[in-house]
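*Asks:* With the hints as extra help, turn the sequences into a complete structure.
The listed protein sequences derive, respectively, from chains A and B. Counting in my numbering, the first sequence runs from 1 upward without gaps. Counting in my numbering, the second sequence runs from 1001 upward without gaps.
Keep in mind that the hints are not guaranteed to be accurate.
Unchecked claim - Under the rule of at most 20 Å between Cα atoms (straight-line distance), these lysine to aspartate or glutamate pairs were calculated in the EDC-like manner:
1. B/1186 / B/1202
2. B/1219 / B/1026
3. B/1083 / A/180
4. A/141 / B/1007
5. B/1060 / B/1110
6. B/1220 / B/1007
Said to hold, decoys possible - The following label-pair restraints were derived from C-beta to C-beta distances:
7. B/1072 / A/196: 48 to 56 Å
8. B/1024 / A/203: 40 to 48 Å
9. A/26 / B/1062: 29 to 37 Å
10. A/16 / B/1211: 44 to 52 Å
11. B/1062 / A/3: 37 to 45 Å
As the list claims (entries may be wrong) - If you want the ones that stay clear, here's a sample from chain A, every Cβ over 10 Å from chain B, calculated:
12. 1
13. 25
14. 26
15. 72
16. 82
17. 102
18. 109
19. 122
20. 196
21. 203
22. 227
23. 240
24. 242
25. 256
By construction, these hints were calculated from the structure, which means they are not laboratory data. C-beta atoms are modelled at their ideal positions from N, C-alpha and C, and glycine is treated no differently.
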Amino acid sequence: MIDRLVLTGQWGIHNLRHFGRAGILFLRILFGSPNLRRGFPLLVQQVYAEGVLSLLIIVVSGLFIGMVLALQGYHTLAKFGASQELGPLVALSVVRELGPVVTAILFAGRAGSAVTAEIGLMKATEQLSSMEMMAVDPVRKVISPRFWGGFISMPLLVIIFNATAIYGAYLVGVKWLGGDAGTFWSNMQSSVEFHGDVLNGILKSIVFGIAVTWIAVFQGYTAVPTSAGIASATTRTVVYGSLAVLGLDFVLTAMMIGEW
Amino acid sequence: MSKNLVEISNMSFQHENGKIVFQDVDIVIPRGKITAIMGPSGTGKTTLLRLIGGQLAPTKGEVKVAGEIIHELSHTRLYQLRKRMGMLFQQGGLFTHMNVYQNVAFPLREHTNLSESMIHSLVLMKLQMVGLRGAAQLMPNELSGGMARRVALARAIALDPDLIMYDEPFTGQDPISMGVLVKLVKTLNQSLNITSIIVSHDVQETMRIADYVYVIVNKKVLGHGTPDAIAKDNSRQMQQFIQGLPDGPVPFDYPATPLVEDFLQGVET
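*Replies:* This is the structure in structure tokens:
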């Protein structure tokens, strides 16, 4: 009994310590004095590595999700004679939910895992230590640019995902199934609010971007510097990142709908 | 200015997992000299360098570098002090996304406002010193282990530090580059008056260039003195280490239960 209590206590302390470290790292990233001349090129590099290189998976997923949504939605709506509502159905579900959530989960898998693995390997090969010994703060040089790169990329990727998903739905709903283009677009325009739907979706993506990149850089920075350690840190990034996105999505949706 | 650049007094260090590495260790590193820290592998020699560099903090006692207690310094002061230190890591620690030239230029670009042409000349000079000017455009994955360490040395001396810490500099070097490195360490020390700390278990090479030697065995300083004095030390432990004898008071085996007990215990699940 006592043993169990001790183990629970140890587990609790271990986790609290972990959260504390993550918090300190986050504060150091947020309040570390930026050096624009040296930091900007690093940031651009990371926006490229995390954002531009994720474009393929985001565009292809967006297109197919939009197409499937239109296919499913069209037949269901047609049963009730409401197939003209396909535009609003697709736009609202993509802009409010699917866009930010799916992009964030894909981002955790594509960019988050790469960030964790890269930082973890830099740690394992003494690159971070040697940087410290050269009086260059790795948080400023390695961690911060990766965090801010993800922070900037995420909302942009969501916008691109939304656009391609809606275009995919247009291709299926209008071009293939023969719905009316004018109805599709005008119904969408009249039912999607810029502030309530589009902006809230972007707001979600900003929060998800922070969560996923924070998890990714922290897991990399604290990875056990062995091959198994880096492998499990990468896995944790994807698992924790995806779970955090789903959990946060519920909380944010509840807040935005006004139930809280 | 104090005679000693590094003063470690009454220092103990224990890892987070509870493993004790040092117990009440006293070490002084005199300015402008080459001091060697030797000991069997696993005695925490690299940990000692990390303690001197302020990457770890001792659990007891203090580590003073250039008159300042390094583990009590603020982040900014610590980084200022580190600009005056160079460290050669066991694996080199080269940045894999940069080529050899960019690696050596890195500290210069970070800490100075020198023009590109000046940086170019400095980098080539440092690379020439380690014999790798011709490899300037290679990526770290194209270098052998020994070459990578020589590039790392060029990078460590890029800012002409007051103190250089070498972590196993001679391991994995062929006889020629070993000879060059030994000479280079000596030259750097003599011509630029750089204080050097060499952590190594290559007894012969290290004794040849060191001015003073510390031998660490089993969490404590076993002995210290000039290489001659160490070589003549009659204690069995010291002789065993210097001559590389398998039997003696310094255990070769990692602490374990007796072999018979281990066998009789059977397979544990």
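*Asks:* It remains to establish, for every hint, whether it holds in the given structure.
*Replies:* Comparing the hints with the structure gives:
In summary, the hint linking residue 1186 of chain B to residue 1202 of chain B is supported, as the alpha carbons are separated by about 16 Å, within the 20 Å threshold. Between the alpha carbons of residue 1219 of chain B and residue 1026 of chain B the distance comes to roughly 11 Å, so the proposed pair stays at or under 20 Å and holds. With a CA separation close to 69 Å, the supplied pair residue 1083 of chain B and residue 180 of chain A exceeds the 20 Å bound. Among the hinted pairs, residue 141 of chain A with residue 1007 of chain B is inconsistent with the structure: their alpha-carbon atoms are about 31 Å apart, more than 20 Å.
Taking the CA atoms of residue 1060 of chain B and residue 1110 of chain B, the gap is about 34 Å. The hint is violated against a cut of 20 Å. Pair hint residue 1220 of chain B plus residue 1007 of chain B holds up; C-alpha atoms about 16 Å apart against a cutoff of 20 Å. The beta-carbon spacing between residue 1072 of chain B and residue 196 of chain A, approximately 54 Å, falls within the hinted interval of 48 to 56 Å. Taken as a hint, the range 40 to 48 Å is violated for the pair residue 1024 of chain B and residue 203 of chain A, whose Cβ atoms sit roughly 58 Å apart.
Checked against the given bound of 29 to 37 Å, the beta carbons of residue 26 of chain A and residue 1062 of chain B, roughly 32 Å apart, stay inside it. The supplied range of 44 to 52 Å is met by residue 16 of chain A and residue 1211 of chain B, whose beta-carbon atoms lie about 48 Å from each other. The given range of 37 to 45 Å is respected by residue 1062 of chain B and residue 3 of chain A, whose C-beta atoms sit roughly 38 Å from each other. Non-interface status of residue 1 of chain A relative to chain B is upheld: no Cβ of that chain comes within 10 Å, the nearest being about 24 Å off.
No Cβ of chain B approaches the Cβ of residue 25 of chain A within 10 Å, the least distance being about 14 Å, so the stated non-interface status holds. Its beta-carbon lying about 16 Å from the closest one in chain B, residue 26 of chain A satisfies the requirement of being farther than 10 Å from that chain. Every beta carbon of chain B lies more than 10 Å from that of residue 72 of chain A, the smallest distance being close to 44 Å; the non-interface claim holds. The Cβ of residue 82 of chain A sits about 55 Å from the closest Cβ of chain B, beyond the 10 Å cut-off, so the non-interface label holds.
Taking the minimum C-beta to C-beta distance to chain B, about 31 Å, the non-interface status of residue 102 of chain A holds against the 10 Å cut. Look at residue 109 of chain A: its CB is around 22 Å from the nearest CB on chain B, clear of 10 Å, so calling it non-interface holds up. With a cut of 10 Å on Cβ distances, residue 122 of chain A falls inside the contact zone with chain B, its closest approach being about 8 Å. Non-interface call for residue 196 of chain A relative to chain B: holds, since the shortest CB-CB distance, roughly 44 Å, exceeds 10 Å.
With 10 Å as the threshold on Cβ separation, the claim that residue 203 of chain A sits away from chain B holds: the shortest Cβ distance comes to roughly 34 Å. For residue 227 of chain A, the requirement that its beta carbon stay farther than 10 Å from each beta carbon of chain B is met, with the minimum near 14 Å. Every CB of chain B is more than 10 Å from the CB of residue 240 of chain A (nearest about 23 Å), matching its label as outside the interface. For residue 242 of chain A, the condition that its CB be more than 10 Å from all CB atoms of chain B holds, with the nearest at approximately 28 Å.
For residue 256 of chain A, the condition that its CB be more than 10 Å from all CB atoms of chain B holds, with the nearest at approximately 40 Å.
Taken one by one, the earlier hints fail for this structure at numbers 3, 4, 5, 8 and 19, listed in ascending order.
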